[in-house]
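Novice: Chain by chain, the residues run as shown.
There are 2 protein chains.
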Amino acid sequence: MLVITNQEIQQHVGAAVVIDAVEKAFAAFGRGESKVFPVARGSGSDPCHITAIKSGFDASTGFMGVKAASYNPGNRARGLASHTSTTLLIDDVTAEVVAVVEAGYLNGLRTAAADAIAVKYLARPDAHRLGIIGLGAQAVFEIEAVAAVRPIDTVYAARRAGADTDRFAQAVRERTGLIVEFRDVEDLARQADIIVTATPATSPVLRDEWIRPGTHVSAMGSDNVGKMELPVELVARSLFYMDYPEQSAVIGEAQHLLAAGQATLADLRRRSLGDLICATVSGRSSADDITVFDSSGIAIQDIAAAHAAMTIVRSVRSA
Amino acid sequence: MLVITNQEIQQHVGAAVVIDAVEKAFAAFGRGESKVFPVARGSGSDPCHITAIKSGFDASTGFMGVKAASYNPGNRARGLASHTSTTLLIDDVTAEVVAVVEAGYLNGLRTAAADAIAVKYLARPDAHRLGIIGLGAQAVFEIEAVAAVRPIDTVYAARRAGADTDRFAQAVRERTGLIVEFRDVEDLARQADIIVTATPATSPVLRDEWIRPGTHVSAMGSDNVGKMELPVELVARSLFYMDYPEQSAVIGEAQHLLAAGQATLADLRRRSLGDLICATVSGRSSADDITVFDSSGIAIQDIAAAHAAMTIVRSVRSA
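So the protein lines, in turn, are chains Y and A. Read left to right, the first sequence gives residues 36 to 354 (the numbering used here). Read left to right, the second sequence gives residues 36 to 354 (the numbering used here).
Derived from the structure by calculation, the hints contain no laboratory data. All values derive from a computational prediction rather than experimental measurement. One should not assume that every hint holds.
Copies of the same chain look alike in the list, so a pair counts if it works inside one copy or between any two.
As the list claims (entries may be wrong) - Heads up, simulated SDA-like pairs for lysine to any residue below, C-alpha to C-alpha not over 25 angstroms straight-line: (1) Lys-155 to Gln-226; (2) Lys-70 to Asn-259; (3) Lys-70 to Ser-353; (4) Lys-70 to Ser-80; (5) Lys-70 to Pro-82.
Given the sequences, and given the hints that come with them, work out the whole structure.
Specialist: Written out as structure tokens, the structure reads:
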């Protein structure tokens, strides 16, 4: 069993290779070749420390995988990362556990990859102004990934009272070379071609009337019951896509669309990112369409990203 | 992250220490301090290759854990083990993945430990004749574990057409020093004080009328819908216990008891091994009682066993 460390991944694995791997994984999922197993989650003695276990089979790599992701907000006070993540890669043929991959950093890459793939397939080709809402660690990954698929030259980030905007701007500059301009959310929403929301919000972080024709929105944050980043009106009038409709209907933005009676699960079923990649559902048809992608996160992303990381790190080690 | 290998576990971790760890885990579970998360399972391109993921929190060690166990019957033709198993140990406080434990061998120990703990609490103190039904690798672990809790001097194994009885007898002798006598199932059942069933059966492997007063039966095999080792009549007239009633009701012997209308889930709920250890349910009250234990396997066993293995191997390494 190989052990692929977080440090090696940070050193050797970039956004582009993970985007490529995750796109292939979504394509295989869209063709119905891959599988997502039920998500298990629970907590131990501290109800705030939640471990979620995502597992499945990714046909693009031929691996089953299991990711255990722990979230413990109390870790901040301990000076520790609040998220930890580890992925086991299991050979689909031999059942051998081929690798255990420390996936804390990789999780940021794989999540951003899905949002960027949606941008690649849905945003206008000339989209170059990116607006980001949310100033956490994930936001930096999101900017980097979107910049890998569109000629981003302008990054707006939404101001937030008390946030360390200098530190955020520096992290983005170091990672992407891009200069962040801080804006009120309304200005950001009215000016950006692409908006990425990366927040833990439970009510909309922007208003429907702010969104111009032609905008693409990737909503990364909603991944549990009750979470919500977008107004239902915006989702309802957009061309709307999800990573995994069955899951989005429960824990993504789609839950609110269904609750508002604006769609049925049957309406949503053929609107996955995989369907879009495989062209079994159409995407943007005019420069004025508003497109929305709802990301909740699925195991095939973890498997494809871990497999890519394993392949790269193994080749670096043997070089 | 520590990596604890299968080889180190085979070399340094014995049955007694795992029985002790698993008993403490069941006690904490019986006190309501531990948790079992939902089981996830699925297959990849080959529907016969099934991966099951068991996870939970074990208060006796303070660890969450995730075990991924793959079963691929096609592996026999490849000369590979049909079962593979890997456990992640996650610190309940810091969310750190402290160890990844190769758990193929350990799985045999932890499964046998539960059956032996049931023997410890339920079999007559003077029980010394053990009958084993099933001649697979697990049967050897079961004999070893039972011999650790009762003064076993006689082992009967059920004959099976085409089975390599010499190899089985040799494996038992090497491991426990005990000599196996092969018997027809009926003779075995009529003569044994303790019976362990370790088969993949889907219909009873013994008959109710063969079971003498005073016998204890640990049924290890049933761990899925449709599996069955014991006649419902036997279970119904016995003092009946389960590792985890909610799970046994779906995948253990209890499923057939419920289907036959011989019990309700409410009847079963306080009849767990943890309740027995904590004495919140009574056990055998006379030398004539027939006692039955239904083992389906839960995550706290995996966590406690992996934690014990980690502790031992770490101390061996630093010695």
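Novice: Against each hint, give a clear statement of whether it holds in the structure.
Specialist: We went through each hint and held it up to the structure:
no.: 1; hint: Lys-155 to Gln-226; in the structure: within (19 angstroms within a copy, 72 angstroms between copies)
no.: 2; hint: Lys-70 to Asn-259; in the structure: both (21 angstroms within a copy, 21 angstroms between copies)
no.: 3; hint: Lys-70 to Ser-353; in the structure: neither (32 angstroms within a copy, 42 angstroms between copies)
no.: 4; hint: Lys-70 to Ser-80; in the structure: between (32 angstroms within a copy, 9 angstroms between copies)
no.: 5; hint: Lys-70 to Pro-82; in the structure: between (30 angstroms within a copy, 11 angstroms between copies)
Checked against the numbered hints listed earlier, the structure breaks hint 3 alone; every other hint is satisfied.
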